[in-house]
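Number of protein chains: 2
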Amino acid sequence: MLRRDYEGQHCSVASALETIGERWTMLVIREVLQGRRKFAEMQRVLGVARNVLANRLQRLTDEGILERRIYSERPERYEYFLTQKGLDLWPVFVALMHWGDTYMPQPGGPPVRLVHKDGCGGAIDDRRICERCGEHVTVRDVTGILDPEVERGIAEKLST
Amino acid sequence: MLRRDYEGQHCSVASALETIGERWTMLVIREVLQGRRKFAEMQRVLGVARNVLANRLQRLTDEGILERRIYSERPERYEYFLTQKGLDLWPVFVALMHWGDTYMPQPGGPPVRLVHKDGCGGAIDDRRICERCGEHVTVRDVTGILDPEVERGIAEKLST
Chain A
1 MLRRDYEGQH CSVASALETI GERWTMLVIR EVLQGRRKFA EMQRVLGVAR
51 NVLANRLQRL TDEGILERRI YSERPERYEY FLTQKGLDLW PVFVALMHWG
101 DTYMPQPGGP PVRLVHKDGC GGAIDDRRIC ERCGEHVTVR DVTGILDPEV
151 ERGIAEKLST
Chain B
1 MLRRDYEGQH CSVASALETI GERWTMLVIR EVLQGRRKFA EMQRVLGVAR
51 NVLANRLQRL TDEGILERRI YSERPERYEY FLTQKGLDLW PVFVALMHWG
101 DTYMPQPGGP PVRLVHKDGC GGAIDDRRIC ERCGEHVTVR DVTGILDPEV
151 ERGIAEKLST
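Protein sequence lines correspond, in order, to chains A and B.
At the far end of the first sequence sits residue 160, using our numbering, and the numbering has no gaps.
At the far end of the second sequence sits residue 160, using our numbering, and the numbering has no gaps.
To be clear, the hints were calculated from the coordinates, so they are not data collected in a lab.
There is no bait here: all hints are sound.
If you want the footprint, here are the derived chain B segments under chain A, 3+ residues with CB under 8 Å: (1) 26 to 39; (2) 82 to 90; (3) 102 to 110.
With a straight-line Cα cutoff of 35 Å, these simulated DSBU-like cross-link-like pairs (lysine-lysine) come out: (4) B:Lys38 x B:Lys157; (5) A:Lys117 x A:Lys38; (6) A:Lys157 x A:Lys117; (7) A:Lys157 x B:Lys85; (8) B:Lys85 x A:Lys85; (9) A:Lys117 x A:Lys85; (10) B:Lys117 x A:Lys85; (11) A:Lys157 x A:Lys38; (12) A:Lys85 x B:Lys157; (13) B:Lys117 x B:Lys157; (14) B:Lys117 x B:Lys38; (15) B:Lys85 x A:Lys117; (16) B:Lys117 x B:Lys85; (17) A:Lys38 x A:Lys85; (18) A:Lys157 x A:Lys85.
Note that the structure is predicted; figures quoted are calculated from it, not measured.
By construction, the Cβ of each residue, glycine as well, lies at the ideal position given by its N, Cα and C atoms.
Please construct the entire structure, taking both the sequences and the accompanying hints into account.
Structural data, given as structure tokens:
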């Protein structure tokens, strides 16, 4: 059984944090949200110790937030995908991102801008509403546009 | 200088987590959101070690998320209040709460229900919109109604 980090706290925030509040966990989910599905890719971009990453992926799979699919048998290799439970964490990311953009602004501007797909192109506000067409969007309706500098940094890490 | 937990991650989510991602930090903010402003109250409800709580309150004050106001000179005692930067974390709580309510439901139903104040009484959805009147609410427009069982549990902790 998992250790209950916040025992005695009858609180949905505490329950959520017991599952996703460990160091690196949210950034591992961010990686998969951004389409980096392989252990080696995530490890390069995050620069996290391999055992920590393996532990987080295992826990997230056990919790039903990620599911893994084999893509190579020899050597055995998996790709990770978000389940619906995992995709439903997207509002937490949007909220954290807006707060971070507001209070810890990067010199070059926001590292990622969320944009409505499907020909609209409107910016997504902190309530996950398209500022152009007013649609209440979900993660599937949105694409994240990276700042070119950030994109270059990721490409560099992936190529080493 | 604070240790940069997620060095090399040019990401607003990572920046936000560097500030609020430590164990207990979000629950300390939750306490202040719920109006428990004194060290002893928070310590009883959270059941956290005193040195950990003192550390988190100091860090949150240093980061400008909480501010403290003296209410007793001998002994020296403070109450903690959320700054605007702290209040602006409310969307993160709403998102975590909805996810926890959905995927880790408590046997007795949601521990807290968010309700529009000012005579409306509508429920607040996961986009922070009032389901009755359609207003886009902020933390100041909303009250959290605790499940009676949860409220009893908190009262018990506070009285010990």
